[in-house]
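Enquirer: For the record, the sequence lines run as chains A and B. Using our numbering, you'd call the opening residue of the first sequence number 1 and step up by one each time. Using our numbering, you'd call the opening residue of the second sequence number 1 and step up by one each time.
Heads up, some of the hints might be wrong.
For identical chains, the list gives no copy identity; a pair is met inside one copy or between any two copies.
Under the rule of at most 20 Å between Cα atoms (straight-line distance), these lysine to aspartate or glutamate pairs were calculated in the EDC-like manner [what the hints assert, rightly or not]:
#  : residue 1 : residue 2
1  : K2        : E84
2  : K22       : D58
3  : K133      : E234
4  : K133      : D118
5  : K133      : D288
6  : K270      : D58
7  : K270      : E27
8  : K22       : D288
9  : K22       : E276
10 : K190      : E27
11 : K133      : E150
12 : K270      : E292
13 : K133      : D49
14 : K133      : E249
15 : K190      : E127
16 : K22       : E262
17 : K22       : D295
18 : K22       : E173
19 : K22       : D118
20 : K190      : D49
21 : K2        : E27
22 : K22       : E249
Everything labelled a hint here was simulated from the structure, so no lab data went into it.
There are 2 protein chains.
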Amino acid sequence: MKRLLITGGSGFIGRNVLAHLKPLGYEVFCVTNVSSAPSDTGVTPVACDLMDAVQVDDVMQRIRPTHLLHLAWYTAHGAFWTSERNLAWTGASLNLIRSFATVGGTRAVFAGTCAEYDWSAPSPFNECLSPTKPATLYGVCKNSLRQVLEAYTNRVGVSIAWGRVFFLYGPGEHQDRLVPSIIRSLLNDKPVVVRASGHVRDILHVTDVASGFAQLLDSGVTGPTNVAFGQGIELGTLAREIASIVGREELLTLGLAEPTPENPASIVAKDGKLREATPWNPTVRTRDGLAELVDWHRHQSR
Amino acid sequence: MKRLLITGGSGFIGRNVLAHLKPLGYEVFCVTNVSSAPSDTGVTPVACDLMDAVQVDDVMQRIRPTHLLHLAWYTAHGAFWTSERNLAWTGASLNLIRSFATVGGTRAVFAGTCAEYDWSAPSPFNECLSPTKPATLYGVCKNSLRQVLEAYTNRVGVSIAWGRVFFLYGPGEHQDRLVPSIIRSLLNDKPVVVRASGHVRDILHVTDVASGFAQLLDSGVTGPTNVAFGQGIELGTLAREIASIVGREELLTLGLAEPTPENPASIVAKDGKLREATPWNPTVRTRDGLAELVDWHRHQSR
């Protein structure tokens with residue numbers, strides 16, 4: 001039996017990944033920092049403060065997971081880019097892999113980010129060839145963590161992959177982020193201005209990101225691996241699609257912003273290792289995903 | 001008044017650095033994990049487990065240091081290159097700088113290592129130009145820590161320098177390391193074989209390393225800074241010097257070893273920022289330092 005410990009299982013990606021794990025034959029233990037359990041998911045909740053090394057060692061000794069999926073991090077919208085809490089999460093993640101290796105764990109997947117790449121280098125970004133040069137504290141911490149993990153797991157014989165997340169959307173995303181903020185404004189009859197409408201981003205539905213992590217975990221793929229669609233969409237095109245679904249195109253204004261180092265013209269993944277080495281393929285067409293999401297927001301606001 | 005918190009103050013470099021700090025006008029608080037105090041050094045001992053974030057925050061709140069000199073790390077001879085304890089020290093060091101910044105600290109110096117450099121690149125190694133590509137877990141952890149520190153301190157306005165230590169010698173060094181092991185063998189009438197006698201290393205007396213850290217702390221120099229002599233010596237030449245001082249040249253055999261990635265032909269610092277930007281200069285001539293050290297070992301073995 002594959003025994004999986006997952007962190008961040010109640011987060012945006014995490015709560016979507018659980019459904020993809022059972023069919024792959026995992027017994028799933030989900031770290032929570034509250035005592036309330038996910039009810040009917042077949043997942044065993046495990047109360048543990050990941051900042052507490054003693055608690056982590058205790059959980060590892062008790063569960064002895066063969067697999068580890070580490071999605072937890074500080075992700076407060078906007079604040080996460082520069083928060084000092086990135087430092088504590090780097091330390092907690094290092095402690096987690098050490099503790100996992102100590103009880104004989106064999107396979108781990110950690111969440112990385114497209115913000116590790118040098119955004120001034122040409123996009124699309126390839127896991128093996130594109131340079132890393134993170135410009136934010138969040139990106140630097142993830143990138144530094146990855147370097148230590150590679151050296152450490154290589155030495156102790158843990159197989160590890162590092163899933164680089166790009167942009168995503170779906171039900172339950174923080175309402176201030178781009179896609180939900182456009183939808184909510186339009187549903188509330190408010191005008192929407194998309195300033196950088198010419199910028200191109202690699203956007204993937206959260207359920208496909210989640211299945212990507214599940215497939216990555218179940219594979220033997222190692223090292224940095226883009227968990228992304230592999231194609232870009234102009235933000236203006238994306239916004240027009242949403243406005244057309246809502247039926248309020250007249251509320252939408254598209255601007256053009258100069259690219260900046262923090263907001264470059266294109267952030268797109270090179271279609272790479274994940275599709276080549278696993279059965280993974282995105283299943284949600286953007287139009288369908290957006291239509292479903294607009295419905296979801298309509299129901300939320302009732 | 002400059003209030004300095006120092007970690008690793010009882011280590012090989014640390015206990016030598018204390019004497020250089022008082023003349024520079026520092027009130028010195030020295031973190032120890034035991035309750036025994038350094039006696040007549042004018043240093044205030046502070047009991048604190050650096051692995052415990054609550055204790056660290058408590059000490060920072062109590063002392064409110066303006067300056068931080070972080071020398072503590074796991075340094076057990078041989079084992080430190082690959083030990084998993086490098087991970088915990090990375091996390092503890094991240095916590096330390098966060099806690100220091102939180103109480104308004106303004107100037108920090110952390111100990112780095114020549115093992116951050118790409119040892120397959122041409123030596124001497126320049127702080128600004130030479131590539132980093134650490135081959136060991138110790139080097140990777142230090143290098144990753146440095147990257148996070150740069151991003152974090154830049155954001156919170158702490159001035160930080162990163163002192164890269166090369167090779168050192170002096171009284172109190174672990175007896176299994178190269179210089180003391182040669183001295184002790186010769187003093188005990190045992191033959192000595194120096195296998196890689198053609199390899200060139202940058203070796204500096206510990207008191208000069210210590211004064212380098214003190215001057216670096218007291219300067220405005222930022223970023224990676226070699227704390228090294230800036231000239232190499234062949235290990236064979238070094239061993240012959242020792243044998244000549246002891247008067248037992250006949251016990252010495254010099255071999256020639258092929259350079260390897262872990263043991264390259266030359267590891268030498270480019271004479272750089274430290275001498276240019278501070279009053280620092282090494283004061284101990286190698287012959288004198290070795291003669292004094294041989295005397296020290298003679299007294300130790302009585």
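Enquirer: Give a verdict on every hint.
Expert: Results of checking the hints against the structure:
no.	hint	verdict
1	K2 - E84	neither (35 Å within a copy, 25 Å between copies)
2	K22 - D58	neither (25 Å within a copy, 45 Å between copies)
3	K133 - E234	neither (24 Å within a copy, 37 Å between copies)
4	K133 - D118	both (4 Å within a copy, 18 Å between copies)
5	K133 - D288	neither (35 Å within a copy, 46 Å between copies)
6	K270 - D58	neither (40 Å within a copy, 47 Å between copies)
7	K270 - E27	neither (33 Å within a copy, 55 Å between copies)
8	K22 - D288	neither (25 Å within a copy, 70 Å between copies)
9	K22 - E276	neither (23 Å within a copy, 62 Å between copies)
10	K190 - E27	neither (46 Å within a copy, 60 Å between copies)
11	K133 - E150	both (17 Å within a copy, 13 Å between copies)
12	K270 - E292	neither (27 Å within a copy, 61 Å between copies)
13	K133 - D49	neither (31 Å within a copy, 34 Å between copies)
14	K133 - E249	neither (38 Å within a copy, 52 Å between copies)
15	K190 - E127	neither (40 Å within a copy, 54 Å between copies)
16	K22 - E262	neither (39 Å within a copy, 45 Å between copies)
17	K22 - D295	neither (28 Å within a copy, 69 Å between copies)
18	K22 - E173	neither (23 Å within a copy, 55 Å between copies)
19	K22 - D118	neither (36 Å within a copy, 44 Å between copies)
20	K190 - D49	neither (41 Å within a copy, 55 Å between copies)
21	K2 - E27	within (6 Å within a copy, 56 Å between copies)
22	K22 - E249	neither (41 Å within a copy, 71 Å between copies)
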